[in-house]
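S.K.: Okay, here's what each chain looks like letter by letter:
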Amino acid sequence: MLHIVFYFQVHQPYRLRPYSVLDIGQNLNFFDEDLNRAVIRKVGEKCYLPANQLIKELIERYEGAFKVAYSITGVVIEQFRAYYPEVLDSFKELARTGCVEFLGETYYHSLAFQFDKAEFLSQIRMHRKLMMDEFGFRPVVFRNTELIYQDQLADSLEEEEGFQVILAEGAEKILKWRSPLYAYRTYNHRFFLLLKYYSLADDIAFRFSNRAWSEFPLTTEKFIYWLSKLSLVEKGRRNLFVNLFMDYETFGEHQWKETGIFEFMRHLPEKVFDSPNLSFAWPSDVPQMMDYSPEALSYPQPVSWADTERDLSAWLENDLQFNACETYYEILSEIQSRGRSDLLEIARKLSTSDHFYYMCTKYFQDGDVHKYFSPYQSPEQAYMFYMNALAGLRERL
Amino acid sequence: MKVLLLTWEFPPFISGGMGMACYGLIKALLSMGVEVDLVLPTTEDVYFPLRSVGDTETLPMDYLDPTQKNKPLPSRELALVERLRLVGLPVFPDSYATPALRQGFDKTMEEVIRSLQRGLARDLDSVRLSLESGGEIFKKSQVFAGRLAQYARRLQCDVIHVHDWLTYPAGILLKVLMGRPLVAHMHATEFDRAGGVGDERIHHIEYAGLTAADRVIAVSQYTAQMIIDRYRTDPGKIRVVHNAFSISKMSEKKQRIFKEPLVLFLGRITLQKGPDYFVEVAKRVLAHRSDVRFVVAGSGDMFSKIIKGTAARRLKDRVLFTGFLNRDQVEEILTSTDIFVLPSVSEPFGIVPLEAMAYGAVAIISKQSGVSEVIHNAYRVDFWDIEKTAEIILDLLKDPKKRKEMARLGQEEVMKIEWDQAAKKMIQVYQQLTCST
Chain X
1 MLHIVFYFQV
11 HQPYRLRPYS
21 VLDIGQNLNF
31 FDEDLNRAVI
41 RKVGEKCYLP
51 ANQLIKELIE
61 RYEGAFKVAY
71 SITGVVIEQF
81 RAYYPEVLDS
91 FKELARTGCV
101 EFLGETYYHS
111 LAFQFDKAEF
121 LSQIRMHRKL
131 MMDEFGFRPV
141 VFRNTELIYQ
151 DQLADSLEEE
161 EGFQVILAEG
171 AEKILKWRSP
181 LYAYRTYNHR
191 FFLLLKYYSL
201 ADDIAFRFSN
211 RAWSEFPLTT
221 EKFIYWLSKL
231 SLVEKGRRNL
241 FVNLFMDYET
251 FGEHQWKETG
261 IFEFMRHLPE
271 KVFDSPNLSF
281 AWPSDVPQMM
291 DYSPEALSYP
301 QPVSWADTER
311 DLSAWLENDL
321 QFNACETYYE
331 ILSEIQSRGR
341 SDLLEIARKL
351 STSDHFYYMC
361 TKYFQDGDVH
371 KYFSPYQSPE
381 QAYMFYMNAL
391 AGLRERL
Chain W
1001 MKVLLLTWEF
1011 PPFISGGMGM
1021 ACYGLIKALL
1031 SMGVEVDLVL
1041 PTTEDVYFPL
1051 RSVGDTETLP
1061 MDYLDPTQKN
1071 KPLPSRELAL
1081 VERLRLVGLP
1091 VFPDSYATPA
1101 LRQGFDKTME
1111 EVIRSLQRGL
1121 ARDLDSVRLS
1131 LESGGEIFKK
1141 SQVFAGRLAQ
1151 YARRLQCDVI
1161 HVHDWLTYPA
1171 GILLKVLMGR
1181 PLVAHMHATE
1191 FDRAGGVGDE
1201 RIHHIEYAGL
1211 TAADRVIAVS
1221 QYTAQMIIDR
1231 YRTDPGKIRV
1241 VHNAFSISKM
1251 SEKKQRIFKE
1261 PLVLFLGRIT
1271 LQKGPDYFVE
1281 VAKRVLAHRS
1291 DVRFVVAGSG
1301 DMFSKIIKGT
1311 AARRLKDRVL
1321 FTGFLNRDQV
1331 EEILTSTDIF
1341 VLPSVSEPFG
1351 IVPLEAMAYG
1361 AVAIISKQSG
1371 VSEVIHNAYR
1381 VDFWDIEKTA
1391 EIILDLLKDP
1401 KKRKEMARLG
1411 QEEVMKIEWD
1421 QAAKKMIQVY
1431 QQLTCST
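Chain order of the listed sequences is X and W.
The numbers in our numbering rise by one with no breaks, and the one at position 161 of the first sequence is 161.
The numbers in our numbering rise by one with no breaks, and the one at position 398 of the second sequence is 1398.
Worth flagging that the hints you see were computed from the coordinates, not collected in a lab.
None of these values were measured; they are calculated from a predicted model.
C-beta: ideal position from N, C-alpha, C; glycine also.
Any given hint could be a false lead.
Claimed, not checked - What follows is a list of derived Cβ distance ranges for each label pair: (1) X/L397 with W/R1085: 40 to 48 Å; (2) X/K46 with W/R1076: 41 to 49 Å; (3) W/R1085 with X/R37: 41 to 49 Å; (4) X/A296 with W/W1384: 55 to 63 Å; (5) W/G1088 with X/A212: 38 to 46 Å; (6) W/G1135 with X/Q301: 42 to 50 Å; (7) W/D1301 with X/E263: 46 to 54 Å; (8) W/R1085 with X/R96: 50 to 58 Å.
Generate coordinates for the entire structure from the input sequences, incorporating the hints supplied.
M.R.: In structure tokens form, the structure reads like this:
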């Protein structure tokens, strides 16, 4: 049996406004409220609301046999509350069906694991509390920001009770001859690992509307045919998992409604249920479905789902990013050691990984993706405003 | 006395010191009864007849062509910036060259060249070639000259006064067509701007302008020497008229952005201004103490390189950037500055240190600058001597008393520098030229 594991990432950062040196000492209004509101409203209308509606319809039509999981960051939920409460309500409605799973992650979608383990765990705890408060759900599956994973993360996560599964990227440099369709264990044998099947996930997320792609157009039939073929690799009838992890904004935002992305999704479940070898599963189903003893897999270096490198280079590669990140964690620890809880919330909003993504200077095809997502004219400009904000924060210490 | 004054920049449209210098000088000239007809690179054929001091703020305008007088001009009710936009004066000018105007320029140029003796004809021919071969900015200079040549016979003045190379081609044509004396003001040579040799076509234009001029005004001894060395201009016709400064609001009390002292670089972020030396100085100072902030204010072609340089040196948030600042923001940051550094590789004058000192900052000034000729209560350092500059800053940080005293002396000194002195010298030049013709 091949189980389709859908997980959708829902996240929007607090984008910075052009915070000037002259603002320092005057105010701590770091964020571009108008822009952030506009983005939430736009994406809410084009993606979150219609996509939630569709998922709900599918859940109801197939009486729970259609399963998806969400990872929703704390910062996006805060912004829903402030700018578009209906979106948050529609996620709560989904939660009430009992047929969606919510994953655990860092509240601020941060790179804290790379710099400050204690902060990493605090942000996970904050996020778990939020999932309980908003959706009455206690996550047992963890995914780190941008699917960044390495062995030490499994060690750190041991300190946080209740997690059983971690999601990661199915990178060839780790898997080598192995298949991402099987579940694995972390190197310390403490957690199950589910690995993104990135070629199929990216066929939907990135290539769906690309007319230059040889497989264009991607129909539900074609996709189901590929999945059925995949299920043949397993001769021993063991459970396989095809992990389709992607940004939720794929639906209606990265791929516009006009591309037919919603119709693709609408027809997928019926075709899945027509196929004898296919079904849906939540990531948290995996431990109960284990009919073999998974092999342990080691990720000695951090691996992410971003860019062709699938490493940290989208956020931590050039001097702008390193200087910004190092300065940030220096100031954060100052704030914590001085017990300045009044500054902690605003400071943590600056930990969101997107701020460093905007400073990326890699070119070629990935540079275009970065440019598409950045509200700034250049990486230098993003850095300038970010550093001014950090200085503004330090000034209050 | 009526002066036809051509310049490329004037507030609120400025990108550097030249606009502020023209503003200060014209205001002082007007207060002494000189009439100024100001011509700027507008899209429409207009000029600005300035008669009283207040006119520098409101910029009354009129058509260059008297036959167009019945055409309506932008209403005086509108804000200045809006009115200037209507006549096509962009903040950062881009090309508005039309083929028709350029043809007019070529025809006039040919006629003029044919009518001249060999020396000037050859210079003008090289001006024409330079303008013809250049990009956008050259075309704009060409169009500007073409337009003025077209109206030359209708314009009236006692003296023509042109500022920097973009207006020199127009100045040369006007001198020939109107038969009036020409004053060429030099705010910066191409050698200064380029921080090296620069564009050969601009050299040709600068040379022709300086040669055709009856008087050359250099903003400093430093610039006068540069002109003599580079262009072999007759020293007998060069006069040095130092700039002054004008600031809009003067507060007694220093404002603060940071609790810690602020060291400022302000200017275009280009090779000429030495921003890379500033970063090196910051690194050396920060190696000794972290309770100080460095700010790089301005924009320019080296922005990316400089900002990455500070990140590479891991100077954290102790070196910050502002990007482009408008005039009000410039004054705001000057008010908050404790130490101002001008590390220019070559600075014909450099008004900003004067402004900074007026706002109570201690100035550290490149020896390769004109401003270092007019002030004494400031530190003068070779632009390349980063160790020395860092030492001075560390010393001033260690000794706030000394810093205060130095700032006070500097403030007292610069307050005596006024545009009236420059205007008086200019009037003398105008008078000498008009008496002899």
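S.K.: Which earlier hints turn out false for this structure, listed by number in ascending order?
M.R.: 3
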